[in-house]
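Undergrad: Next come the chains, spelled out residue by residue.
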Amino acid sequence: MPGLMLLDAQSVTKRFGGFNALTKVSLQVKEGERFGLIGPNGSGKTTLINCISGALRNDGGRIFFGGKEITNAPAHQRTRLGIVRSFQIPKPFTSMTVLENLCIPLEYAAPARSHTADVAAEAMEILQAIGIDSKANVLTTGLTQIEMRKLELARAMAAKPKLLISDEAMAGLSSAEVDDVLTILFRLNEHGITVIMIEHIMRAVMRFSERIAVLDAGEKIAEGTPEEIMRNKEVERAYLGE
Amino acid sequence: MKNKWLLALAIVIVLLGFALTRVVKNPYLYFASYVILQYIVLATAWNILGGYTGYVNFGTAAFFALGAYTSIFLIKAFAAPLPLLILAGGLVSGLLGLGIGYLTLRLRGVFFAIATLALAVVLQTMVINWQYVGGAKGINIIRPRAVLFFTSYVEFLFAVMVLLAVVAVAVAWWIEHSWIGRGLAAIRDNEEAAECMGVPTLKLKVFATTVSGFLMGVAGAPFPYYLTFVEPSSAFNLDYGVNSLAMPMIGGTTTWMGPVIGAVLLGTAQQVATVTISSALNLLIVGVVLVGFVILAPEGIVGLAKRLMRRRSA
Amino acid sequence: MFSVELLLNALIAGLLLGGFYAAVSLGISVAFGLLDVVNIAHPAFIILGSYAAYVMNVSYGYDPIVTGLIFTPIFYLLGVIVYWIYYASFEKKGEDPLRGLVFFFGLLFIIEVSLLLKYGVDYRLVEAAYIGQSIRFKGIGIAMRLLVPCVVGVLMTLALSLFLSRSFYGRAIMGVSQDSLAIRLMGANPMRIKTIAFGVGIATASLAGALLIMIGPVEPSIGREYIGRVFAITVLGGMGSVAGTLLGGLVLGVVESLTSTFYGPSWSPAVSFGILLLALAVRPAGLLGR
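Chains as they are written, first to last, in my numbering: chain R, 18 to 259; chain V, 1012 to 1325; chain B, 606 to 895.
Treat the hints as calculated values from the structure; they're not laboratory data.
Just so it is clear, the structure is predicted and the values come from calculations on it, not from any experiment.
Wrong hints could be hidden among the right ones.
Stated by the list, open to error - List of simulated lysine-lysine pairs, BS3-like, C-alpha gap at most 30 Å:
no. : chain 1 : residue 1 : chain 2 : residue 2
1   : R       : Lys152    : R       : Lys85
2   : V       : Lys1015   : V       : Lys1317
3   : B       : Lys723    : V       : Lys1148
4   : V       : Lys1214   : R       : Lys85
5   : R       : Lys179    : V       : Lys1214
6   : V       : Lys1214   : R       : Lys108
7   : R       : Lys152    : V       : Lys1317
8   : R       : Lys47     : R       : Lys250
9   : R       : Lys108    : V       : Lys1015
Bound-form chain R, shown alone:
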């Protein structure tokens, strides 16, 4: 049902030694929503994602997913529940082919939500949907930059996410490649997947997101529709300085 809250992160705080990476950041994302997360470099976006996905343990606050509390759940469990993130710098499994890379999430993360007998066939389907099926039996070391990014997304898709967090998947790509990735994300959302997009490429974020949250120096300074964010003075100051 659209409109139900899927992700509820309450007052998330994360410290590294004496440094406050996140201070009481709250985030609510509705099911089926397209959500954007932006902010200057070092504002804590990736740290927040790490806390949500479980790569890091938050020091304060609570996180709920689909009504269940996941604050203390290990990362692999959160993935099995449906929170899937892609990495800014792709982290492929280097000893495996592109196809085999997808078999891991299909075997480990997806079974909680669906069962297919033929893992390889399903992996192939996903590769075809993304457009890198021609490289299915190639080792990951033989991929171009854009293909690696697509593999990252394909692998995330193979985990059958309810919530997909795309962490700067478009950084450094050409304009056409950005549109490529954007199309894939739109299509995923049409299939019912909630998407949180972290990007620096403003036109992509503005086009894609229904709502946007802005982080600066570990705090949430604004939240609203793209138009509201564009007009927000605080946001302007965060990006351009005083």
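Go by the hints and put chains V and B onto chain R.
TA: Frame of chain R, contents of chains V and B only:
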């Protein structure tokens, strides 16, 4: 279908091993072959954690010696039969693997490696202070007389080791081709990504450590009967650690074949060399070869072979 | 049987030993604590230093500390060469640390067995005027062979600490351990800085080895006991903290000495490794770690 052929092959090898004892009478050959077979088990066991999962264990000697000393304890206390010794040795070492894994695998792989080194020394110190199994002086174990259809106990031990080697390789083969093996490979390639793709990394790592420890303990269990005199400094010898690491590195770490190739090659070379050159020089060569392979040919012989085949078909 | 005098003697011996242990761990503190290079071969380099002191002592009558100082630049060069090989083979390619670890393990083995081949399993020791003597202080005996290494060890720790905090290259090393990119932006070459750091780490092994053979006789496989000690001290003290290394060394020295006195010397090797395992399980950041 392929599985049935492999199972048949395994049975044939074991039967061959048993049959060999009818034909070959030179006791030295049995002694030497026993050592090589023992290393097949140790190298295969090491590789499950080292090659498949990417976590280096420097303390093979700890698990091996623990299996041996468990045997000694059971022999002295209950005169237990060999199958029980093997099972017990495996279980105790497996538990050690479970324990040390659970404690240290949450940390970086580097700390696990150092902890395994620490383990060997701690265990050795404990055994040295335990008089019942001989303490620092060591202990003599009487080998039983011939058993069943074997003319000597050593031949029996050889046959048993053949069986154990086949079992160890079978376990490694099964893990490698199963979903567990794929998960372990994911952990080895990129643990962070594996965890985020739903792989329960801690559970799988502890599993690998436990199985690895179990097999090493199994290899150590018949050791007292083989050598008849066991003392801590030889049972806990670092050489076991170096060899069980060098053999998979040389043979190739990504598949079950690597440790076998490495064990046969290096083991045989060492057996031949010990006769001709001093054991210290022997070890020096192992060290140099290990460093050479790690720098120049990290995928080992199997990897080199694969590369050659790819180039020829390209 | 417990007596205050026994306890005091054990404590003093432990503290003195601790100062020496700190010297032994300095190299690891730099390599592992700051550079993230797991040089488990460091103890082997120390034993190498011990044998250098032995040879110079037996052949020319040199005092071990003198030998230690003379050989320091040689060991520095050795460290540079080893780091080049390590860097070219592993770090540059961004390989998993497994291979680097195995490399150093192999190196440890090679050095140890080479010494074994050249000098055999016999214990070697050095002769110097002050080694056999001891000072009596209010009824407590302090052996010179423990006091001198402790003093030199503490001096080494201070020297390294000053180097890291005051000199240009020292601060560059501290910088590169935290942020390689920033160093590059400041015009320094990270690889060169790391090479210097590693070289300095190995250089400390020369003097540390000389101190080791002063404390007691040495044979090639002694290094293995020290693997546990140096890592226990580094982890306990907090990675990359030189002051922490001194603190860790003192703690380990005292615990070992007390254990040895009241439970027997055969338990000593287990102490350091036991502390290491405990530290890893309970507080991997160490006492003073960042």
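Undergrad: Which constraints among the numbered hints does this structure fail? Numbers only, ascending.
TA: 1 and 9
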